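Colleague: Residues per chain, in single letters:
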Amino acid sequence: MNFDDTPQEAEFRSLARKWVEANAPKEFEAELSKSSLGRIKLAKHDMVEVGKAWQKKKAESGWACLHWPKEYGGRGATPIERVIWQQEEGVYGKLTQPFQIGEGMCGPTVMAWGSEDAKRRYLPKLASGEEIWCQLFSEPSAGSDVAGLRTRAEKKGDNWVVNGQKIWTSGAHYSDYGLLIARTDPNVPKHKGLTMFFLDMKSPGVEVRPIKQANGMQEFNEVYFTDVVIPDSQRLGAVGEGWNVSLTTLMNERMSIGARLATGVPEMFEFCSNLMLEDGLAIDDPAVRSKLASWAVKSSGLKYTSYRAISALSKGERPGPENSIGKLVSGMMLQDIATYAMDLQGAAGALTGDSEELVHGQFQQMLLSSPSMRIAGGTDEILRNIIAERVLGLPGDIRVDKDVPYNKIPTKGR
Amino acid sequence: MNFDFSDEQKQMRDEARKFLAEQCPPKAVREVLDGKAPYDKALWKGLAEMGFLGVAIPEAFGGAGAGHLELCVIAEEMGRALAPVPFSSTVYLAAEAILIAGSEAQKQKWLPKIASGDAIGTLALFEGKGNPSPKAINVSANGGMLNGVKKPVADGAIADFAVVAARTGNSGRESDISLFIVDLKAGGVEVKPLTNIDPTRGQAEISFKDAKAEPLGAAGEGWSVITQVLDRAAVLMAFEQVGGADRALEMGRDYALDRIAFGRPIGSFQAVKHMLADMYVSATLARSNCYYGAWALSTNAGELPEAAAAARISATQAFQHCAKNNIQVHGGMGFTWEFDCHMYYRRANAVAVGLGSLSYWEDALIDRMRKKNAA
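In the order they appear, the protein sequences are chains E and B. Per numbering that gives the first Met the number 0, residue 0 is the first one in the first sequence, and the count goes up by one each step. Per numbering that gives the first Met the number 0, residue 0 is the first one in the second sequence, and the count goes up by one each step.
What the hints contain is simulated information worked out from the structure, not anything from laboratory work. A few of these clues could be false.
[Stated by the list, open to error] List of simulated lysine to any residue pairs, SDA-like, C-alpha gap at most 20 Å: (1) Lys-9(B) with Asp-366(B); (2) Lys-290(E) with Asp-366(B); (3) Lys-290(E) with Arg-369(B); (4) Lys-35(B) with Lys-191(B); (5) Lys-371(B) with Leu-274(E); (6) Lys-44(B) with Pro-24(B); (7) Lys-290(E) with Val-352(B); (8) Lys-9(B) with Leu-274(E); (9) Lys-370(B) with Ser-272(E).
Since the structure is predicted, the reported quantities are computational estimates derived from the model, not experimental observations.
Let the sequences and hints guide you as you build the complete structure.
Modeller: See the structure below:
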């Protein structure tokens, strides 16, 4: 048992470290190093532009999407090399945020289901950040039950005509392409009538509208489709095969080993170490200590769980299912920590962003944002279902709509 | 990075699991639970023959000299099987104290007997309610004689010897505390068994009246040794707890698959599935923290105090959580004496307080994290 690299890994790490050292945009290091419990913002620069420049530089030297094959813009790196790269890229990895959906979900789907021509045309530009991709799955009444989606694609000659609405699309406003799942046959049970496409986000009839979120920010979009034409050559997988294709995408979403999950624990530890209560520092209070300790062991537990997965990759093995707990644990913890940090401040806990405050509204913002951590990318409930069914082998829920044609399923709500 | 046990260590775990499945089925645990024996003597002998009692004891002192990672995988299996033997008292506490502080002669005297199963040892630390603290120690040592009362002492009624923490000064500092080895079969020692929530692991009160005591380690260094022993034992006990948590989770899962209600397996209801998923999450977090503890223990790393506290907290929470919800998944049947659920519930809650309770370790973790942050 050790934390050491193998000789090959050490060599690769040294190569990566030297390259980052020589090429990273150091002018942003301080800003990127700051705690980022929410989205990353750069004070004087556009995040997407800075990100694109970094991604392009990486691609030119073979450090973008490095686990992809070389002919599609990658480096043919092993899974463990990808993890080592992420570690060495460090804070600059935060600049890759606009490309993560493309690299993590859209790219792998095109790789698995696209034609050779499509792969050669689209993947290298996705890898280099020249073209940004977004993912168009969720709808107002199809979130956890994504197979219940309503957006229609109808065949007209060699083209498909799309009408409908998607929601919670990160980056739709700056994306060049989108991965779209739509209903092509409403007369068969819901999972069987879906088909996957990709489309140019600048196509006529595509309208992107930002969503004002519960926390007051605008990070996601609604995307409306009105008679949008997609050539049949941009279909991924067979007609009616969309559900299977989407599983490739979603599986990749949950495979992100070594991903940086914010837990709020270091911030909370520092906060309690400095907050003066009536009887002394908060961290000297037994009740505070007890909560802090419980959070700290969850956070360290997540860290060492990812180490176990990395070790499996290092040995060339497939990591076990342990990593599936990450988002479930960290999402709830962020919310609990934010709530408690405010509790410790008494009535002043409700105030946001005052220079007199210890942390300038950090936990208040975290409180308002944290509900989304427990919903986006699989709700807590869906994640528990996944653990129960795929890890523990418990039966799936009884699905009352399983064999019912889609257009006979009762619908309500959004 | 190789943050995992080796193939040989995993093989040893499999051997231990197989051995315990044969030699320590729930029926054997129940013999002790029902008071038919104070501990499972045959199992104890078998563990000695398998080399498990001395796995971390150097060969020079009659052990297998394998190491602490090996001891961790065995500890996990002991917890999983609820082995009703004085393994933790003898191996994690008494043997570790002697390995840290013992003279050559003391090591030669006691360690081979521990490895061969001929001596049961324990640590006599607590004196009534409360967590480990030098201030709580009133048993006194004067001129090689001990006086006072220790309770509870794990396995005190079946132990041959005890490592006893006693007061040798009154300066109000940690250096007032020294350690002694006491032969519990000698004069001046009175042992009284105490009832406790987990009868498969005995507790006792030990009274010393001018009992002969041999110093273990230097005078005044007792508390420093106790702290080290507790940290090391915390990691090992955490593996037992993770083993127990995993087994309780499996029992709950198996029952949820088997039991039909409302015309379907209860494991298809989300309320039940989610409870089991949460048990898996606790057990997984605990296991990962334990692995880090195992690394720190086996390498004697400077991180051991923090790693031990984290492993202990996480594993205590996981075992309590899994044992409690295993009963809940079983419903009424889980509350019968006949089903084994309560044995895990008893063990989970007894070991949760046995080495210092959750709040003690939470406190310790925060102190240690602060120290690290300050450094």
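Colleague: Failing hints, ascending?
Modeller: Failing hints, ascending: 1 and 8.
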